[in-house]
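Enquirer: So you can see what is in the structure, the chains are spelled out below.
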Amino acid sequence: MAPRVSLFVTCVVDQLFPKVGIAMADVLERAGCIVDFPEGQTCCGQPAFNSGYRDEARGMALHFLDVFRDCEYIVSPSGSCTAMASHHYAELFHKDPARMDEVRRMASKVWEFSRFLTDVVGVEDVGARFEHRVTYHDSCHALRELGIKTPPRKLLARVDGLTLAEHDATEECCGFGGTFSVKFPTVSGGMVRTKIDSIARSGADTVVSIDSSCLMQIQGALSRAGLPIRTMHLAEVLASR
Amino acid sequence: MPIEQPAKIDQTLQDANLQLAIYSATGRLMAKRKDAISPDVCPDYQDLRTQANLVKKHTIENLDYYLEIVEKAVAARGGKVVYCRDATEVADFVLKLAKERDARLLVKSKSMTTEEIDLNERLEHHHLEAVETDLGEYILQLAHHKPYHIVAPALHLTRYDVADIFAEHLSAERETIPEKQTLMARVALREKFLAADIGITGANFVVADSGAVVVVENEGNARLTSSAPPIHIAIAGIEKLIPRAQDLAVFLRLLARSATGQPMTVYTSFLSGPRRGGETDGPDEFYLVLLDNGRSKLLADKGKRESLYCIRCGACLNHCPVYRKIGGHSYPWVYSGPIGAILSPQFMGVTHDPWLPFASTLCGACAEVCPVKIEIPRILLELRGEVVAAKTREKSNRWERLAFRLYAWAARHPSVWSAMGLAASAVAPDVPAMLNRGPIADWLSQRDLPPLPPKTFRQLWREREGTGVR
Amino acid sequence: MERDTILHRVRTALGRTANEAPAEPPPVYLRVPDWSLEERIRRFTEALEALGGRVYRAGGTAAVQEIVWEILAGRSAIVSADGLSGIPGVEGPYHDAARIREAASRVDAGITGAEYALAETGTLVLLAGPAEPRLISLLPPIHIAVVPVARLLANLDELLTKVPDPAAQTSAMVLITGPSRTADIEQILIRGVHGPGEVHVVLVDSETG
Numbered sequence: 001m002a003p004r005v006s007l008f009v010t011c012v013v014d015q016l017f018p019k020v021g022i023a024m025a026d027v028l029e030r031a032g033c034i035v036d037f038p039e040g041q042t043c044c045g046q047p048a049f050n051s052g053y054r055d056e057a058r059g060m061a062l063h064f065l066d067v068f069r070d071c072e073y074i075v076s077p078s079g080s081c082t083a084m085a086s087h088h089y090a091e092l093f094h095k096d097p098a099r100m101d102e103v104r105r106m107a108s109k110v111w112e113f114s115r116f117l118t119d120v121v122g123v124e125d126v127g128a129r130f131e132h133r134v135t136y137h138d139s140c141h142a143l144r145e146l147g148i149k150t151p152p153r154k155l156l157a158r159v160d161g162l163t164l165a166e167h168d169a170t171e172e173c174c175g176f177g178g179t180f181s182v183k184f185p186t187v188s189g190g191m192v193r194t195k196i197d198s199i200a201r202s203g204a205d206t207v208v209s210i211d212s213s214c215l216m217q218i219q220g221a222l223s224r225a226g227l228p229i230r231t232m233h234l235a236e237v238l239a240s241r
Numbered sequence: 001m002p003i004e005q006p007a008k009i010d011q012t013l014q015d016a017n018l019q020l021a022i023y024s025a026t027g028r029l030m031a032k033r034k035d036a037i038s039p040d041v042c043p044d045y046q047d048l049r050t051q052a053n054l055v056k057k058h059t060i061e062n063l064d065y066y067l068e069i070v071e072k073a074v075a076a077r078g079g080k081v082v083y084c085r086d087a088t089e090v091a092d093f094v095l096k097l098a099k100e101r102d103a104r105l106l107v108k109s110k111s112m113t114t115e116e117i118d119l120n121e122r123l124e125h126h127h128l129e130a131v132e133t134d135l136g137e138y139i140l141q142l143a144h145h146k147p148y149h150i151v152a153p154a155l156h157l158t159r160y161d162v163a164d165i166f167a168e169h170l171s172a173e174r175e176t177i178p179e180k181q182t183l184m185a186r187v188a189l190r191e192k193f194l195a196a197d198i199g200i201t202g203a204n205f206v207v208a209d210s211g212a213v214v215v216v217e218n219e220g221n222a223r224l225t226s227s228a229p230p231i232h233i234a235i236a237g238i239e240k241l242i243p244r245a246q247d248l249a250v251f252l253r254l255l256a257r258s259a260t261g262q263p264m265t266v267y268t269s270f271l272s273g274p275r276r277g278g279e280t281d282g283p284d285e286f287y288l289v290l291l292d293n294g295r296s297k298l299l300a301d302k303g304k305r306e307s308l309y310c311i312r313c314g315a316c317l318n319h320c321p322v323y324r325k326i327g328g329h330s331y332p333w334v335y336s337g338p339i340g341a342i343l344s345p346q347f348m349g350v351t352h353d354p355w356l357p358f359a360s361t362l363c364g365a366c367a368e369v370c371p372v373k374i375e376i377p378r379i380l381l382e383l384r385g386e387v388v389a390a391k392t393r394e395k396s397n398r399w400e401r402l403a404f405r406l407y408a409w410a411a412r413h414p415s416v417w418s419a420m421g422l423a424a425s426a427v428a429p430d431v432p433a434m435l436n437r438g439p440i441a442d443w444l445s446q447r448d449l450p451p452l453p454p455k456t457f458r459q460l461w462r463e464r465e466g467t468g469v470r
Numbered sequence: 001m002e003r004d005t006i007l008h009r010v011r012t013a014l015g016r017t018a019n020e021a022p023a024e025p026p027p028v029y030l031r032v033p034d035w036s037l038e039e040r041i042r043r044f045t046e047a048l049e050a051l052g053g054r055v056y057r058a059g060g061t062a063a064v065q066e067i068v069w070e071i072l073a074g075r076s077a078i079v080s081a082d083g084l085s086g087i088p089g090v091e092g093p094y095h096d097a098a099r100i101r102e103a104a105s106r107v108d109a110g111i112t113g114a115e116y117a118l119a120e121t122g123t124l125v126l127l128a129g130p131a132e133p134r135l136i137s138l139l140p141p142i143h144i145a146v147v148p149v150a151r152l153l154a155n156l157d158e159l160l161t162k163v164p165d166p167a168a169q170t171s172a173m174v175l176i177t178g179p180s181r182t183a184d185i186e187q188i189l190i191r192g193v194h195g196p197g198e199v200h201v202v203l204v205d206s207e208t209g
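Residue numbers (my numbering), protein chains in the order written: chain A, 1 to 241; chain B, 1 to 470; chain C, 1 to 209.
Errors might be hidden in some of the hints.
[To be verified] Not the full set, but computed from the structure, chain A residues with beta-carbon under 8 Å of chain B:
1) A48
2) M60
3) H63
4) F93
5) A98
6) E102
7) F130
8) E145
9) G147
10) T150
11) F184
12) A221
[Stated by the list, open to error] Far from chain A, some chain B residues (derived; all Cβ distances over 10 Å):
13) R28
14) E279
15) P414
16) R447
17) K455
[Unchecked claim] Heads up, simulated DSSO-like pairs for lysine-lysine below, C-alpha to C-alpha not over 27 Å straight-line:
18) B:K32 <-> A:K149
19) B:K34 <-> A:K149
20) B:K34 <-> A:K154
21) B:K80 <-> B:K297
22) A:K95 <-> B:K373
23) B:K373 <-> B:K32
24) A:K95 <-> B:K297
25) B:K146 <-> B:K302
26) A:K95 <-> B:K455
27) B:K302 <-> A:K95
28) A:K19 <-> A:K154
29) C:K162 <-> B:K72
30) A:K19 <-> B:K57
31) B:K391 <-> A:K95
32) A:K149 <-> B:K302
33) A:K109 <-> A:K154
Treat the hints as calculated values from the structure; they're not laboratory data.
No residue lacks a Cβ here, since even glycine has one placed at the ideal position from N, Cα and C.
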């Protein structure tokens, strides 16, 4: 039976990179999934949680649980937002055993997009074509909280015409960190400049990741530095033909 | 809005030479660690971490029991345990002993715990000469700097800085070759070792049932400090205990590999009490100072007490992209980097430097390399919650709190939320003009914003569903 | 009293009561590889030489004397125990702390034994005792250690299996892994800061014949 996927697009994609959400839906449908978009979704609460506003984050988490309660699979174009729902909600509700059951049930249904494709749908070749030299940025939460290292690379390896050129600092943080980039703009700027130096050394013309917020940070620095390198979400690469 | 933070951060960012020094030194330590834990030379690295975490957890959770064990064991070997609640009590103990023994000169080996309590300054205030003997620490003492890094204290200084410092303080010719600078220090310090009345070391581990301190080092200054003077005082935080000598097989392996990528440090001294009958040299007296200085307060917090598992390897500093930009002197206390960011607020209070727990992208590199598996990002998040709670009590931070409340409220009302999104898209063409002020301008000082799309995902999705296009 | 205050604070923080015995600590974790003697010699030599130390093989006491004499090449030395006296320029053993300190500060080399050596890391294990003063392996710029091959253990874990509590045997056990070094100035490796900058180890075959 075809998996029923509910998109959890995240605030950043909804507001700033809507085409990433559409590309994700296209790829999932081509891979045989039935896709819907629960309109009541808003924000997972990560910015509040990361800023120390736990009560506010808890309220937003409850809303998330309501909206996605009856879904079969919840798939998101972000390692960071996925990790918030699958890992950090438990920290918000650990004193509330009744709610913890619900949190655990939901956590097992939330998937990051690339791993959902390789591990649940069981597909690596989505029939994409993209004739570019690509480097992949490991976003921190996908890499270290979810352990996602190989799924995006397996998917990229099967894209026609694509050459993967890893950069030496692939596991180094881009310096975004949500409100960190607002509270510490100069430190954040220093970090992303280190990142783009490494990207430039790889000779790639496109940076790919599974988190649009990292890509926004990297794109902003590439553009400021005048480097002719663009950023694309993995979903957009996989939707290309 | 940028949070209030030390000016040192931007000074460090703007110092190109310093940036290069930090980046290359930490990068080299990262590469050495990576080689030293690779599966062909350390196949059970992850098992060692798990074991170290379990042993630390067990010891910390039963710390009073092991303190009493070590106290008896030290006494049985002819030494004495001295408990100190804070910095003043340590200084008072050392001063009293020095007076009784008519001691004038102390030599010291590197110890973060004594940095924590400003021991040297306190002793010098009473006209006792206390000389740091680790090369890096010696340079810092002459220059009156604080350690820049737990393992590489003088990381921020070049050979030319060292040349200036030595020329000024050793009244010698200016010498810029590191080999010769090292020899100058060897000669100057050798005299001190042989003349010293008291030697003070730290302790990397205190072995409870042996009543022993374990000191690891590469230079030999800790061996000299503990062997040459007639009195040896080891100063350790109460959290440094491990139950048995056999546990060292795990901890020594992890410490050296995580810190400098060495399989073993050059010297590991296992010291239990003064010289015994029959032994030809060594100190006549041995004291183990066990320092609280706020540690017992940390123990009460189950969620954060693992901060005390730290074995001071410095790996989290080397791997922290924030430390690598802002350097060791931007931090408010002697402990810098990620471990400093969780220790300082707990020791000094979260309102002391409220910016500190926020100075992290939560990238998780620190937790990934921690040899005793301290969950630093999780603890940072808890501390952020405590900072917000403290500011709420103080009624400061009003605007930020209001903004988060509004945003959380909107997030629970999808119609409001999507209306806000639509409104933002509608004004998208005018946005660049709105960005010349406030936090966004600070953000834009570093990077460009992406062009705002004319439609949100919600709108695109409705159109897509409406047309039935797949 | 400080002691009682601290213990009380710790107990209260942990929710424990006085004289409450803890659960058993985690079982010790020791891994001793099964290496043949030749394997141990090979590994010890590789590990120590990678650090800038030198390793020699001697067939017996006479050969040891010859090797040590060659290493010294006319430089002065002090010996920690009987057995190596008799080489020209080598003084000792002394049994008086002041005399040991004076001589060890003056000569070029300290010649010691070693209770054990550890193959995996190229480490010498010295236990302070009547025949092993602490300063002979520490003050002179050169350290020469003479170790029977039978004393060559696989690693630290095997040492701690054989010596589960070093405090039972000595007030000072020191593990020496290569020459004294520092990298405190610009991360440049320099040997011989405070301890010996040269470490020579003579492995002696079958000392009992």
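Enquirer: Does each hint hold? Answer for all of them.
Expert: A quick look at each hint next to the structure:
1. A48: holds (5 Å)
2. M60: holds (5 Å)
3. H63: holds (5 Å)
4. F93: Violated, because the Cβ-Cβ distance from F93 of chain A to chain B comes to roughly 14 Å (cut-off 8 Å).
5. A98: violated (20 Å)
6. E102: violated (17 Å)
7. F130: Because about 20 Å separates F130 of chain A from the closest Cβ in chain B, which is outside the 8 Å limit, the hint is violated.
8. E145: Holds, about 6 Å.
9. G147: For G147 of chain A, the interface hint is violated, since the closest Cβ of chain B sits about 11 Å away, which is over 8 Å.
10. T150: Since the shortest Cβ distance to chain B is 17 Å, the answer is violated.
11. F184: holds (6 Å)
12. A221: holds (5 Å)
13. R28: Given a closest Cβ separation of 14 Å, the condition holds.
14. E279: About 50 Å separates E279 of chain B from the closest Cβ of chain A, which puts it past 10 Å; holds.
15. P414: Nearest chain A Cβ is 4 Å from P414 of chain B, so the label is violated.
16. R447: Per Cβ check, R447 of chain B is inside 10 Å of chain A; nearest 3 Å; violated.
17. K455: violated (6 Å)
18. B:K32 <-> A:K149: holds (23 Å)
19. B:K34 <-> A:K149: holds (18 Å)
20. B:K34 <-> A:K154: Cα-Cα ~25 Å, so holds.
21. B:K80 <-> B:K297: Measuring from Cα to Cα gives roughly 25 Å; hence the hint holds.
22. A:K95 <-> B:K373: holds (24 Å)
23. B:K373 <-> B:K32: OK: K373 of chain B and K32 of chain B at ~20 Å, within 27 Å.
24. A:K95 <-> B:K297: holds (23 Å)
25. B:K146 <-> B:K302: Not OK: K146 of chain B and K302 of chain B at ~31 Å, beyond 27 Å, violated.
26. A:K95 <-> B:K455: violated (41 Å)
27. B:K302 <-> A:K95: It holds: about 14 Å lies between the C-alpha atoms, which stays within 27 Å.
28. A:K19 <-> A:K154: holds (23 Å)
29. C:K162 <-> B:K72: Roughly 24 Å between the alpha carbons, so the hint for K162 of chain C and K72 of chain B holds.
30. A:K19 <-> B:K57: violated (48 Å)
31. B:K391 <-> A:K95: Judged against 27 Å, a Cα distance of about 24 Å means the pair holds.
32. A:K149 <-> B:K302: violated (32 Å)
33. A:K109 <-> A:K154: Holds. K109 of chain A to K154 of chain A sits at ~22 Å (cutoff 27 Å).
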